[in-house]
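Novice: Chain by chain, the residues:
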Amino acid sequence: MFRLILLLLISSSLLLSKVLIRPDEAMRAHFGKDAIVSKKNILLVKKDIIEAQKIAKRKIKDHLFRIFIAKKGNIVLGYGVLHTSKVRTKDETSMFLIGTNGKLKAIEIIAFYEPPEYLPPKRWLKQFSGSTTKNELKLKQDIRSISGATLSARAITDSTKIALSILEVARKKSKI
Amino acid sequence: MKKLTLSLMAITALSSSLQADEMSDIKAQLKALTQKMNDIEAKNEASSNALIEEVSALKTFNAIPELASKSYTGLGYAASKVFYSKSPLSIGGYGKVDYIHYTDDKSDGKDEADNYRAIFYIGYKFTDNIIFNSEIEFEHGGAKTGESGYAIVEFAAVDFLIQPEFNVRLGHVLVPVGHINLQHEPTMFNAVNRPETEKYIIPSTWHENGILTYGTFGNVDYTAGIVAGLNAANGNGKNSWRGARQGGRDSKAEDFAFIGRLDWHALESLDLSTSIFTGDSGQSQAGLDGVGHTVWEVHGVYKEGPIELTALYANATVDGEANFATFHADTAVSSEGTGYYINAAYNINEKWAPFIRYENYNAEEETLTYNTATASFVNGSAEDTKITALGLNYRPHPNVILKADYLFYDNKGTDDDRLELSMGYIF
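Protein chains in written order, with our numbering: chain A, 1 to 176; chain B, 1 to 427.
Hints are all accurate, no fakes.
Computed footprint of chain B on chain A; a stretch qualifies when at least three of its residues, placed anywhere within it, have a C-beta under 8 Å from a C-beta of chain B:
#1 86-94
#2 108-114
#3 119-128
#4 142-149
Dumping the calculated DSS-like pairs for lysine-lysine here, alpha-carbon to alpha-carbon at most 25 Å:
#5 61/A to 86/A
#6 138/A to 351/B
#7 59/B to 47/A
#8 59/B to 86/A
#9 110/B to 199/B
#10 59/B to 59/A
#11 61/A to 59/B
#12 59/A to 351/B
#13 351/B to 86/A
#14 59/B to 39/A
#15 173/A to 59/B
#16 173/A to 43/B
#17 351/B to 57/A
#18 59/B to 175/A
#19 40/A to 43/B
#20 40/A to 59/B
#21 43/B to 39/A
#22 43/B to 175/A
#23 59/B to 46/A
#24 126/A to 71/A
#25 54/A to 351/B
#26 134/A to 351/B
#27 61/A to 351/B
No lab work stands behind these hints, which were simulated from the structure alone. Please read these numbers as outputs of a predicted model, since none were measured by experiment. Think of the CB as a built atom: it goes at the ideal place given N, C-alpha and C, for glycine as much as any other residue.
When you get a sec, could you build the whole thing from the sequences and use the hints?
Specialist: Written out as structure tokens, the structure reads:
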């Protein structure tokens, strides 16, 4: 038993966490390996934020957003909006991959600093696919909660609505 | 730009009255001025863009330090990660304060207002793969000599995250049996108190020293491990399992127990689980040879839209009941107990949720008493306890819950019906 524990201690310290995926990798995973990925930093003024809040029906604290764009030639394939929110006491940062039709394709968790048991499973994240700003995304009604990780479910659900709304406003104002 | 256009028009109008060389001089000055203005505008835009880029980079770095791809202090990307990582210390907690009013319909229950739980989590991330997590619990107002309250370490374990299929948790761990034991925060269940099936058949909150391995294969999560066994020298009657818990307090470790658990995410909306704890519990104490405790259960959780259904069936047995009964002479010990419950909740909106829970359990389905006077065994059995809980949850904030329920007890006139109110929180 002692040898087993010692072996585990040594081997675990050599391995990397599997949680992180780089934003550009996430973009290529969903918009194609040959997609050209660029990023744009968008500054939204107070008026834009108020408009986005109305769409999201959530409070938006930030003004500055990093949005990734996937292109093939001159054709835009889709967008990736980064959003950070607090789970329990630590932050999580997710990328919301959104098509040009405004529909959410997928969510990729980029960084997660709470203990791993609070990390939402991929199968839970799948239920957001196809969501638009028109979807209410109410937890425990439209969105299933995660047993044992309610705070993560709350953070991701709110972030989804915010990311969709921010992109809609940014595109409307020709900021992207 | 408008002003410039107007000026040019004015100049054109005046041009006829001005000398040609004066005109050309003014035009040159205007051209230079326009160029200067354009330069300033471009410079401002470039500065503002640079500032946006810098702030955005800083913001992203602050949120995800690991994304900075350059190395630190000459180390490689992976090795230098720890230098970028955010504070490794994590603090959280939960608690609840209850009020219980007994209707005195069957006995003389005394009303209670109890600071039932105040719990604090402390975690520390040594590296991305070695993480400590703990839960320190104060129950019934905390510890005081001669009072019922106590302070206890509910878990204190280090996780070694190796790969999704295989990880290790070592130390003082929550026994992964049942539904509530792993998810016992008040915001996780509807009623003020946990179902009694998960108190007497599955003795939650159940924690012990040991080692667990866990991981995921597709839609199935597994846990397997060993912990110090129960102690058959303690516990009898309906507490034959609950009373035998050692809680990691200088636990006797002559006998270990095996734990196995499978969680199958059968559908997007349906999780099915089963778990077992089994092992000897004599702990090399005289008279307790061959005594062993086993608890197993199956449960399912279904969530679709506003509907949430939970159902659980549990069975607990004791082997070597003759020795168990003889050790606890003249007191009934239980050799089998079973229980089940069904909980249905409807989330009207994000704040309000009415619910109903029905349970039927019997922790003394088969009892045995060793009568020292007659030197004989007496078999027995207690009545089932049936409890129907009707209640309502209100969440003023997702992490704060106010609960009210009414419990109808049907157990042949021993327990009062009761009204329960509670405030729970998690952070």
